[in-house]
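S.K.: Between the sequences and the hints, there should be enough to build the whole structure, so can you do that?
Just so you know, we're using our numbering here: the sequence shown kicks off at 3 and counts up by one.
Please keep in mind that the hints were generated in silico from the structure rather than gathered at the bench.
Given the structure is predicted, the values throughout are model-derived calculations rather than measurements.
Misleading hints may appear alongside valid ones.
Distance condition first, Cα-Cα at most 30 Å in a straight line; then the derived DSS-like pairs of lysine-lysine [what the hints assert, rightly or not]:
#, residue 1, residue 2
1, Lys228, Lys257
2, Lys187, Lys257
3, Lys99, Lys187
4, Lys228, Lys214
5, Lys271, Lys257
6, Lys214, Lys257
7, Lys274, Lys257
8, Lys271, Lys187
9, Lys156, Lys214
10, Lys187, Lys214
Here are the simulated distance ranges between beta carbons [stated by the list, open to error]:
#, residue 1, residue 2, range
11, Ala115, Lys59, 50 to 60 Å
12, Val304, Trp182, 13 to 23 Å
13, Val303, Lys214, 17 to 27 Å
14, Lys156, Asp87, 54 to 64 Å
15, Gln178, Asp301, 37 to 47 Å
16, Pro186, Leu315, 15 to 25 Å
17, Arg201, Asn124, 54 to 64 Å
Quick reminder that beta carbons are idealized off the backbone N, C-alpha and C, glycines included.
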Amino acid sequence: MIRLTAVTLRRGKPRPRASMFPDKYRRVPALLKPQQGGQQYFSEFLIRTANDAILDKQQSHTGAAEEITGGSRIEPKLPQADVDDMLKMTREESIQKEMDALIAGDGFQTQRAFNERAWYENERQELLRGSAAATAGKKAEVLPERILGDDYFKSRYGYSLVKEGSQMPVVTDYSQLDLWGEMPKYRRDMVFLYLVSRRRNTYAVAYDYEGKRLLTTYTAGNRGLKGGDRGFRGDGSTDNGHQVTSMYLNDLLPKIREARANSGRPLAKGEKVELVVRVMGFYNGRQGAVRAVQDRSADFVVSYLEDITPFPLNGPKMPRGVFR
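M.R.: This is the structure:
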């Protein structure tokens, strides 16, 4: 029996991995990790020392000839610091000059950015001053110099680029503004169809204006598409999304007819059902689901297509567990 072993047994402990020994500088950016400065100056020093060496060599070759001709010898400078320039910057007159420049650029400005109204006024003044007469001598261009506003264009060229009546009347009184003008205008007959595409599945469900569900939710699973075409890398496939939504719309239409008849507003012969399609999720099933709605354009008309995928305004976050 062995009394001594060269190695110690770990007795069921996990074998040590790199993650067990946390890196002291793991939160420090890569550039700061070695904590050594001056890297960006190193190459510059090399170049300057090389240049100085070449200058020195050239001058040593031509030194005697220069002395005879009375030429001026260039003194090679140390690459580390330009002392003369530094001293110049600290002299009183240079400091005064810098202060004057700062004061000159420190005036109070009323206009901080490009102001369209001010620009138009400026243009108008120039036209009144007769700067137009000065530019009349130039050769006539095929295209105008700039087209920024219709009033400017009209005053310069005498005709308007905008068709008559195509411009909306300008609202000057803010009390007339329709604050909800951009919001969708739903009607009682509209059906709200929710198409949710998740990673491995697609759901379709419809509600009426009151929020009553018209038909139970259809999924790839409960429509018998389980384990079939799952798509690439486990994303819910386009075909599955199309199939689920198409089956749902098939079964939904008689339900809508029935509900409308019961409410005393039956569907007319050629009348289409107005849909508000709300799509959520960005996986593959989404494309097929939306296409299925478009394919049923004989029975349904899409009034609004809304994307209701939740997306945080400050951007998506990686799960925290990745870094621990």
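S.K.: Next step is simple, just say for each hint if it's right about the structure.
M.R.: Okay, the hints, checked on the actual structure:
This hinted pair checks out: Lys228 and Lys257 have alpha carbons roughly 26 Å apart, not beyond 30 Å. For a cut-off of 30 Å, the pair hint linking Lys187 to Lys257 stands: about 24 Å separates their Cα positions. Pair hint Lys99 plus Lys187 does not hold up; C-alpha atoms about 65 Å apart against a cutoff of 30 Å. The hinted pair formed by Lys228 and Lys214 meets the criterion: a straight-line CA distance of about 28 Å does not exceed 30 Å.
Of the supplied pair hints, the one linking Lys271 and Lys257 holds, its CA atoms being roughly 16 Å apart against a limit of 30 Å. In summary, the hint linking Lys214 to Lys257 is supported, as the alpha carbons are separated by about 12 Å, within the 30 Å threshold. The suggested pairing of Lys274 with Lys257 holds, with an alpha-carbon distance near 14 Å, which does not exceed 30 Å. Taking the CA atoms of Lys271 and Lys187, the gap is about 25 Å. The hint holds against a cut of 30 Å.
Distance restraint check for Lys156 and Lys214: the Cα-Cα separation of roughly 56 Å exceeds the 30 Å cut-off, and the hinted pair is therefore not satisfied. In summary, the hint linking Lys187 to Lys214 is supported, as the alpha carbons are separated by about 19 Å, within the 30 Å threshold. Taking the beta carbon of each, Ala115 and Lys59 are about 56 Å apart, inside 50 to 60 Å as hinted. At roughly 21 Å, the beta-carbon separation of Val304 and Trp182 lies within the given 13 to 23 Å, and the hint holds.
For Val303 and Lys214, the Cβ-Cβ distance of about 21 Å falls inside the hinted range of 17 to 27 Å, so the restraint holds. For the pair Lys156 and Asp87, the supplied restraint of 54 to 64 Å holds, since their beta-carbon distance comes to about 57 Å. In this structure the supplied range 37 to 47 Å holds for Gln178 paired with Asp301, their Cβ-Cβ distance being about 40 Å. Roughly 21 Å separates the CB atoms of Pro186 and Leu315, a value that falls within the hinted 15 to 25 Å.
Distance hint for Arg201 and Asn124: a CB-CB separation of about 57 Å, consistent with the stated range 54 to 64 Å.
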